[in-house]
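Below, each chain spelled out in residue letters.
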Amino acid sequence: MSGMTRGYVVRRFLMWVLTVWLGATLIFAIPRLAPGDPIAAMVLRMSAQGQIIENSAELIQAWRERFGLDGPWYVQYVNWLRNCMTLDFGYSLTQFPARVWEMIWRALPWTIALLTFAVIITFILGNLIGALLGWRKTPPLLRSLLPLTLTFSSIPPFIFGLLLLFIFAYTLDLFPNQGAYDSRNLQPGLTVEFLASALHHAILPAMAIVLTSMGGWALGMRGMMITTDGEDYMILAQAKGLRTPRLFLRYAVRNALLPQLTALALSLGLIVGGSVLIETYFVYPGVGYLLYYSITNGDYTLMQGIVFILILTTATAVLIIDLLYPLIDPRITFQKR
Amino acid sequence: MATLTAEPVAARPAPQVRVNRWDSPWLNAKLIIGLIMVLSVALSGVVGGMFWDLRLARVGTSPQDLPPAFVPGGTWAHPLGTENSGRDMLAVLLTGAPRSFRIGLIAATIGLLIGVVLGCLAGFLGGWVDRLILIASDAWITIPSLVVLIVISAFVRQISAETMAVLIAMFAWPGPTRLIRAQVLTLRERGYIRMARLSGANTFDVIFREMMPNMLPYIAASFTGNVSGAILASAGLEALGLGPTRIPTLGMTIFYANQASAVIRGMWWWWGFPFLVLAIIFSGLFLIAIGLDEVANPRLRGLQVKQ
Amino acid sequence: MNSPKKRLHALGSAIVGFSLLLAATANVAQAAPPQQSVPREQTLILDIDGGKVITPDLWNPLVPGSRRDHGFHQSMIEPLFILNYMTGKINPWLGESFTPNAKQDVWTLKLNKNAKWNDGKPVTADDVVFTIGELCLKVKELNCHGAMNEWVKGVKKIDAQTVEFTLKNPNPRFQLDYFSVKIWGGINIMPKHIWEGKDPLTFKNYEKGKSPVFSGPYKLVSFNPDGTEFIYDRDDNWWAAKSGFKPLPAPKRLIWTWAGPPENRVALMADKKLDSLMDITKGAFDTLKAKNPNVIAWYKDLPYAVLDPCSRTFELNTTLEPWNDPEIRWALNYAIDRDQIVQIAYEGTTSKSRIPYPMYPPIQRLDKLLESKGMFEKYPIWEHNPKKTMEILEKKGWKKGSDGYYAKGGKQLSMVITTHEAFIEKQRIADVLVEQFQAVGINASHKKEAGQLWGDNFAFGKFEARMGWQMCGSVSEPWATLNTLNAKWIVPVGERANGNQWRWKNEQFSKIVDQIGVLPLGDKRIDDLFVQAMDIYFKELPVIPITQAKKLIPFDTTYWTNWPSDDNKYAPSWTWWQSFYDILVAIKPAKKS
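Residue numbers (numbering that gives the first Met the number 0), protein chains in the order written: chain S, 0 to 336; chain H, 0 to 306; chain B, 0 to 592.
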């Protein structure tokens, strides 16, 4: 197979640059299309304790200068692109004098930890269910029972999170109902107590993510499996008399899984954005809440910082998978067309 | 476009089927059960309106906080109970369910259609078209929909369920685009596609006559997931004020239940019945998807007979 | 099938990865958990009203990002004075007295001579002069700048405990509005020896492991990096206890915690892990009481809830046809059934309003005054009479079409009521209003808007009708609420208004308001002027009073007693206000230890 040419890698890398640039431009432009003025809103909020301020215009101007939002849009745009390159997003608009990067950094480890944990399990379980559903030799009983597990994904996550809390935390008292670790008694660090506490606290939120989102993966995987089933090499492998489990995993699942990996990379942003509900209901620290807060409170600088990091991560993950693709999947060629 | 995707489904497997069987492949049990489930939800408003007063879905038309009739304290005047603003749950379900379903259906259809068209174009034509589509979809998918929707909500006064569906569809296309493109890339190297291209069939024909039937299982599955996703997304939009509010949809009903602490109050009927309807919609679509696969993919069906 | 092994493998690596990442958070943790543990019966655990504290290491209360409701201004920053809501009297705290001259433009503040910061240094006139003169007046971006800059011409130290404020204009409410915790909080004094030489905008006022310097009875011990839990321990050297001004608060430790959704918080309180909650719904309160019989609220029975200072109002943009016509506004009022609103939107936990004021005892006196002048007979504001609505509309030329809606000149009578997306209480009122207006033939609908947009649309006059609370201001005297309708605030639609966003213009009304504005608090002449102003208000009805606002705040008597209630109304129940000190020094342990 022609595999990877140098030209392909260069083209692909250029696309990565363009994707990140387009994403950065969109997230710069979209909030500016909205009517209203976040600075004015901030000043108003500051004085909202039943008081009326007469000279708010002067205050608004002072803050606008401080955030560099007083220049024409193209100056702001160039500054924004420069900030993206240095990953320095300045001060938060509503949490001044907190810096955007400092706020993200405080929440990020928890998000990465919980989501990695939950998404890997979701991905494995979802794809396994999907593969079994799409596989011809799955026992009929299993095949008719598995779809039941998928109905979870039709429940809104917020009510599902509450139900989990109600059953496992309030009624059975098996799991804590809030927080990421026992912060009244423990200090974060590499200790057994802390890690055990953190795991104990992570189980319910992880369960909520896994159960409500594995259905999507299963549906996709099932479709892939059926498509794969019709491939010539499957028929050949069968004809060779390979054993069923080997056929299932090595041939069918492996090939069906590839597009799912791309989907996983692409959904990183959605997963982080969607985790706000989990973070709210389980009072779990993380970037999802920060993102939601920034959007609903008009904190442009914070929101743009978080979204840019999401864009960067997603585009990079997709880039890596695309570069690995021809190595894993011999069916795809990248000749110039 | 819809006929284009549906037609080959029927046309391709037909000859094989008639060799083996006398019955039509369309008389598939899963397909029929699924259709019945989905149709019962879609038509519940029309049929329900004949024997139940749908105006009871409005605020303050019934006593508050009644449990369903079959539970002590309930009354047959409100068979499924009422919620804390004096809405009758049966009327809420009868009016909310079809609307939710319609929103889900429209949003998922538009999203998928855009995805199929862009994905096929990208995968088949390649070159700059491919790259542009990829860049656009990869960049768009990470922009949080909430940011865009808040901007839009600033410009609209009141919007209909249909407009809401279109708004949701704005965010439903990049996923299908990416994945269908990947499928096309794989398929286009297959023998019969190459053959078709060599024999001079035009691109359009190759895509829709040769490739589409092979992608159907995937498309159907993706569609099922997207309908549910869009129904849930609509609740989020309504909570933000993007959508009609006088009569709540299913998602919104659960949202209200949640706001009023229905879970801990033990008012299970408030969130339980809407959830049940959501599950029926989801399962019905899932059965239809499986049924369609079996119609389109004789091997699946044939194997069941053997086992 | 060998997949279970693989799955296990992946699960294992996921857990390892998870642990490693968590270990990384050790670096960002801000404070260690407290060393010594305090028994539950000596700990008071309260709910953080405003949700997660996004920047938990920010202990500078003067910058926009600051939060104060997580125990900061309820246990560390002390106010100068505290207004007693029940009597309307202003009680001393850090300040001993604050008196105006006859013209009400020179105010003299006397501090309590025993007041000390928690590092032992005395609280003096220098701190006040520094805070107001050097910080609030000079640094535009601080949140105390707007108010101080509007009124204060200069501050000067008279002696160690005395400060003189010279105002730009007479203001009889200078103390009440800014230094008495009239609503939520106020302008606070910072210790000069800590703040001098710091950039007040970027100063975080926090050093790991140390409590910031303020004068309150508690010191910060720790908080979690997520900003959901803050722990304070009692400072037994608190100046007010030492000098005998106030008793030492009974709780040894205070914990302010945010437990997420109402379910979670109710579950914690049912479990006796929380001593109070922020506002909850009636249904949740019933559940809570069933699970924990020790829980009480302000009233023993319905409405249970205590009054909130911002009464709820239905507001119209008076620049728009046909809402610019007072008769049409009255037609709307006749269509409103407030009893149904109380029943459905509040489930009986509040009462209806006939004036746009909160009905605290000082305001009840004003309400009685209006009643004695026959105002409510002249203007039957509580009359629910759809027939009159239709009569007025038909008199004004509106005709009911076949669709059941009124129309005039081909234009349907429709209305969009907007609400703030985060406030379910007002949304539920709006939902009932929509049905009541629909019932008389007005095509009303309800639209929720994201907070910032809702605020902007209000300020710029880009709304038709809204369910809000923007006449809020008065709690013990009539002026502040009347002043929200003063014509002097009016700017054209499309420009940001700082007041009177409804753009209701009445010169006579505004003149009376300005007259009241310069009279000393409690002046006899105010009553008459108030009745005159209200006469105009009722006649025009630019903003329609709907209900009183409620806060259903449960207290648990398992560990702590002597909570404020209707039988024992020494203070309102607000645990998130700076006036919480009144409750803090009053509560007693349930069991003698």
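Treat each hint with caution, since some may be false.
Not everything, but these chain B residues come out facing chain H in the computed CB check (under 7 Å) [as the list claims (entries may be wrong)]:
(1) Leu-267
(2) Glu-420
(3) Glu-434
Think of the hints as simulated: they come from the structure by calculation, not from any bench.
C-beta: ideal position from N, C-alpha, C; glycine also.
Status of the Glu-434 (chain B) interface restraint (C-beta, 7 Å, chain H): 5 Å, holds
Quick check on Glu-420 (chain B) please, does its C-beta sit within 7 Å of some C-beta on chain H? For Glu-420 (chain B), the interface hint holds, since the closest Cβ of chain H sits about 6 Å away, which is under 7 Å.
Is the interface hint satisfied for Leu-267 (chain B)? The criterion is a beta-carbon contact with chain H at less than 7 Å. 11 Å, violated
Violation of the numbered hints given earlier is confined to hint 1; every other hint is satisfied by the structure.
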